[in-house]
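Asker: Residues are numbered in this note's numbering as their position in the sequence shown, beginning at 1, plus a constant of 41.
Worth flagging that the hints you see were computed from the coordinates, not collected in a lab.
Simulated restraints on C-beta separations:
#, residue 1, residue 2, range
1, Tyr-232, Glu-88, 38 to 44 Å
2, Ile-184, Pro-75, 34 to 40 Å
3, Glu-88, Ala-192, 50 to 56 Å
4, Ile-184, Asp-158, 23 to 29 Å
5, Asp-118, Arg-166, 39 to 45 Å
6, Asp-158, Ser-180, 19 to 25 Å
7, Asp-264, Arg-105, 28 to 34 Å
8, Asp-292, Asp-165, 40 to 46 Å
9, Phe-181, Asp-158, 26 to 32 Å
It should be emphasised that the depicted structure is a prediction, and the values quoted were computed from it without experimental measurement.
Just so it is clear, CB atoms sit at the ideal spot from N, CA and C, and this is done for glycine as well.
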Amino acid sequence: MHDTMDENGPVTESRSVRTWLTDMDGVLVREEDPIPGAKEFIAALREHDVPFLVLTNNSIFTPRDLRVRLLRSSGIDVPEESIWTSALATAQFLDDQRPGGSAYVVGESGLTAAVHDIGYVMTDRDPDYVVLGETRTYSFEAITRAIRLIAGGARFIATNPDPSGPSAQGMLPATGSVAALISTATGRQPYYIGKPNPLMMRSALNRLEAHSETTVMIGDRMDTDIISGLEAGMRTILVATGATERHQVEDFPYRPTRVVESIADVVPFVSRMSMPEDA
42 MHDTMDENGP
52 VTESRSVRTW
62 LTDMDGVLVR
72 EEDPIPGAKE
82 FIAALREHDV
92 PFLVLTNNSI
102 FTPRDLRVRL
112 LRSSGIDVPE
122 ESIWTSALAT
132 AQFLDDQRPG
142 GSAYVVGESG
152 LTAAVHDIGY
162 VMTDRDPDYV
172 VLGETRTYSF
182 EAITRAIRLI
192 AGGARFIATN
202 PDPSGPSAQG
212 MLPATGSVAA
222 LISTATGRQP
232 YYIGKPNPLM
242 MRSALNRLEA
252 HSETTVMIGD
262 RMDTDIISGL
272 EAGMRTILVA
282 TGATERHQVE
292 DFPYRPTRVV
302 ESIADVVPFV
312 SRMSMPEDA
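Could you build all of it, start to finish, from the sequences and the hints given here?
Answerer: Structure follows, in structure tokens:
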């Protein structure tokens, strides 16, 4: 089978695509608005019973919250179990590294619920980790406490390195910016779990019991989605509906497997590229 995504050549390289990973913001939605083709893409995956995950570096919301938000605001029907957040990836990392540990968590319900669900104790007294996530209400008191705990020996983990995020009112400081503040005060750099760390991709693949060789990652950012997909061994598709524009691709020392205008261009290939290799 030799299908092509556009005029640049094959994305399958004679290999079937059995699993799909896709970023959310900039690929499926822009703010609260659906990107044309997103609803159809998810519907095609579900219709053909193709395993997939929607990935997001946003650690504010639980998968249940995100499912409801996507459905109500955009009409995109993504099952709760098909949403993988940096908060879930962070919790899995903590559980793998130090099961039954403790953490001081700065973040919203998406992160606190994930850390709680792995059996961690959340405390501000001599925790194993300080875990920083995204929140719309960073408090000086909480940041100060995090700084003191890290200075006292707690290990510093952050859900993602994104310096800013969008809102209806404009740009907002995100996890990476607050992490920089804490690092400046303590001299300690965090270990980031979310994209572009390929660990997030690997954890997503493990969740689906999938293989990188037969998985495609779709994203809108060269410096997070595409690089982490590439480093995890996956083929990658960049959509030109988000952060990275077509003309900027050549500025990077690495390339996606394919560049398309939008997720709508991928929809026709879901069934064809998901066929068995001997089909």
